[in-house]
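Trainee: Taken in order, these protein sequences are the chains called A and B. When you read off a place in the first sequence, starting at 1, and then add 6, the result is the number in the numbering used here. When you read off a place in the second sequence, starting at 1, and then add 18, the result is the number in the numbering used here.
Because the hints were derived from the structure by calculation, they are not lab data. Incorrect hints may have been included.
[Said to hold, decoys possible] In the DSSO-like style, the derived pairs of lysine-lysine whose C-alpha atoms are separated by at most 30 Å in a straight line are:
hint	chain 1	residue 1	chain 2	residue 2
1	B	178	A	409
2	A	346	A	199
3	A	231	A	83
4	B	178	A	83
5	A	134	A	83
The structure displayed is predicted, hence computed values, not measured ones.
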Amino acid sequence: MDAPASSPVDRIIATVRPDDGLVPMSVHANPELHRHELRTVFARSWLFVAHASEIPEVGDFVSREMGDRSVIVSHGKDGVIRTFLNVCPHRAMQLCGEDAGNSQVFRCPYHGFTFVNDGTLSGVPFRKDAYPDGIDRERLQLTEARTETYQGLIFATWNHTGPSLEEFLGEARWYLDIVVGRAEMEVIGIPQKFIVPTAWKIAAENFIADAYHTATVHAFLAKLKLTESFDFGREGFHVVPTDGHGLGIGIQQDGPWYPESISEEVRARLTPEQFDLLGQVKNFHGGIYPNLAFLIPNVIEVGGRRVTGTTIRVWQPVDEQRIRVYSWLLVERNAPQDWKDLVRRTYILTFGAAGMLEQDDTEVWEAVTASTRALAYEDEPRYLDYTMGIGAEEVRDFPGPGKVFAGKFSEESARGFYRRWLQDVAPGGAR
Amino acid sequence: MSSDPEDRPVDVLEDLALTRSVERFLILEAELLDDARYREWLDLLDDRIHYTAPVRTTRRTDGRVDTTQMLWFDENRATLELRVRRLETDVNWAEEPPSRTRRIVGNVRIERRPDEADVVDVRSNLLCHRNRGENPVSDLIAAERRDVLTRRGDSWRLLKREIRFDHGTLGTKNLALLF
């Protein structure tokens with residue numbers, strides 16, 4: 007029985023049973039739980055903020071989000087990438103109102119305090135008149151998050167004492183090497199940003215653990231007889247590199263699809279095992295805890311040429327029932343321009359806000375979110391089923407690390423996601 | 019009003035006729051899309067159609083452009099036909115049941131081309147009200163279209179369209195529709 011003083015949030019957390027594949031509906035669109043996640047999950051985790059190719063030059067910056075706060079990710083004069091709260095320490099004015107730009111200083115539009123992009127307060131207007139006894143420049147410097155980069159992926163965290171990014175990524179690094187490290191990658195243009203009325207974990211689960219939905223949600227592919235190219239099947243592997251992260255790899259035997267001109271670069275950057283696996287990739291979906299996802303969509307034939315791209319996603323929570331989707335398209339920097347153009351056109355047609363596949367997914371997520379909102383589920387747990395693949399035997403001879411299962415139909419990474427999530431929302435153990 | 023580049027007085031009637039003709043075309047186009055008559059809409063397109071919509075970003079107004087290489091749409095005839103075929107299936111969940119849309123087209127501005135009598139450049143404003151299901155809240159999508167129209171008989175065909183949505187982050191959850 008619950009202790010009389012337990013809150014709805016405590017009760018919800020206490021009913022999450024990932025090992026049994028039972029997750030209550032109330033985890034998704036509950037406002038109090040969402041606030042609790044902002045204080046725990048988003049306050050502690052490494053959060054993806056930018057790709058290195060977005061801020062290549064000294065002074066380049068982008069403004070992004072971490073949890074419910076705006077941050078500036080800036081390329082310093084010393085070559086260091088830093089992430090700062092986009093808030094003037096003086097009186098909380100937003101320092102930067104642009105999406106991106108180049109500047110080594112940020113001048114607050116309110117009282118004119120000027121900050122260098124290493125965080126120091128450098129200019130205070132009329133300082134001698136306003137603060138004749140001086141001003142505490144150390145207290146008034148920019149609030150900085152801890153920033154680290156892996157394979158061009160820039161992450162930041164407010165947790166200055168927790169694990170390093172590499173420790174946090176754990177066994178997922180081997181797979182990220184293939185997805186974003188196989189070649190020097192660059193973002194094409196800027197991320198698409200669009201609001202989807204869904205709770206964020208529904209999107210996260212979909213990318214890490216749901217290969218099962220493709221045939222139904224994207225049924226138009228079958229109706230339009232496009233399925234020859236599309237993988238509705240279970241052939242491939244489901245991988246849980248470390249609880250919280252998850253991925254699925256669809257397999258083909260027609261060989262590598264990336265341009266021949268970059269194969270030497272790819273061979274040099276990957277281990278032989280990674281290189282061989284990449285050559286068999288038909289599609290590759292997955293995510294990094296909590297809300298970063300990646301996708302190499304199904305390789306398809308366009309005008310006689312096999313093509314696919316690499317998209318990375320952040321499911322940025324706006325509130326408990328809405329996200330701002332950030333969708334980046336990455337392409338191999340050293341590939342020929344015609345490959346890059348083909349990758350871009352294919353992505354626009356299939357994914358992104360106008361993407362024919364993406365449109366179906368967001369429709370589902372919105373409806374699921376609406377279903378899970380009912381107050382009744384806060385009072386009495388009603389369980390969603392995440393039992394697919396419980397007890398399945400692991401594949402022992404897979405070249406990559408983590409728990410690996412034959413076939414893509416498994417929800418082990420969703421169970422792992424909620425196990426990890428519980429560590430953040432109920433660090434003392436589920437109550 | 020369109021303007022004569024050599025500053026000769028414009029024949030008012032001819033100008034009115036041109037304006038009316040272009041507006042009729044754009045209004046018909048909006049009706050076809052609002053009524054989900056997508057096949058008929060495809061007939062309004064030139065075979066060489068290039069249909070794009072750059073993603074806009076928030077930048078300072080010091081002369082830097084607010085678009086990059088990333089696009090919401092980058093379509094030719096074949097991809098638009100594929101999108102229409104998808105809209106015609108009963109499993110395109112994004113538009114099944116369909117949105118109720120109401121497109122208002124206005125602020126039509128026409129530029130003639132001095133050396134091409136059968137081609138005009140047109141800018142128009144679009145406000146599209148989109149409502150789905152029983153949601154009491156609707157999406158409002160605003161855009162300027164920069165078009166190139168070529169003459170076809172008494173009417174026109176759309177040769178090129180660039181849609182400049184008046185949004186950075188899109189407030190509508192998908193672009194399953196055409197604009």
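Trainee: Hints first: check each against the structure and report whether it holds.
Mentor: Each hint tested on the structure:
no.: 1; hint: B:178 <-> A:409; verdict: violated, 51 Å
no.: 2; hint: A:346 <-> A:199; verdict: holds, 21 Å
no.: 3; hint: A:231 <-> A:83; verdict: violated, 54 Å
no.: 4; hint: B:178 <-> A:83; verdict: violated, 44 Å
no.: 5; hint: A:134 <-> A:83; verdict: holds, 29 Å
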